[in-house]
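S.K.: Sequence:
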Amino acid sequence: MSGGGGWLDRLVGGCVSLLIAAFALYCAASLLEAVLPTLMLVVGIAALVGLVIGAVVVFRTWRDRW
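Residue numbers for the sequence shown follow the UniProt record's numbering, so the first one is 1 and each next one is one higher.
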């Protein structure tokens, strides 16, 4: 017998691969759901800080022209 495997082995292998992929996707979505509120808070604070720094730079540029 050759070690090529039959169609049933390939079908089972494909199903197991699909099951592992679905589990990995579930874990990734759960992790993202747990981290997302904190991540959005950090990005929002960074955006506000960037906006304030940008406003200060623009204000100083307009005020201190030579």
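You may find that some hints are simply not true.
[What the hints assert, rightly or not] Beta-carbon label-pair distances, calculated as ranges:
id: 1; residue 1: V57; residue 2: Y26; range: 54 to 64 Å
id: 2; residue 1: G5; residue 2: L48; range: 28 to 38 Å
id: 3; residue 1: M40; residue 2: D64; range: 49 to 59 Å
id: 4; residue 1: G44; residue 2: R10; range: 43 to 53 Å
id: 5; residue 1: D64; residue 2: L36; range: 36 to 46 Å
id: 6; residue 1: V57; residue 2: V35; range: 29 to 39 Å
id: 7; residue 1: V58; residue 2: A24; range: 42 to 52 Å
id: 8; residue 1: V49; residue 2: R10; range: 50 to 60 Å
Calculated directly from the structure, the hints in this document are not laboratory data.
No residue lacks a Cβ here, since even glycine has one placed at the ideal position from N, Cα and C.
S.K.: If a hint holds in the structure, say so; if it doesn't, say that too.
M.R.: A quick look at each hint next to the structure:
1. V57 - Y26: 54 to 64 Å: 45 Å, violated
2. G5 - L48: 28 to 38 Å: Given about 59 Å between the Cβ atoms, the range is violated.
3. M40 - D64: 49 to 59 Å: 36 Å, violated
4. G44 - R10: 43 to 53 Å: At roughly 49 Å between Cβ atoms, R10 and G44 fall inside 43 to 53 Å, so the hint holds.
5. D64 - L36: 36 to 46 Å: Given about 42 Å between the Cβ atoms, the range holds.
6. V57 - V35: 29 to 39 Å: 32 Å, holds
7. V58 - A24: 42 to 52 Å: For V58 and A24 the Cβ distance comes to about 46 Å; the hint holds.
8. V49 - R10: 50 to 60 Å: 55 Å, holds
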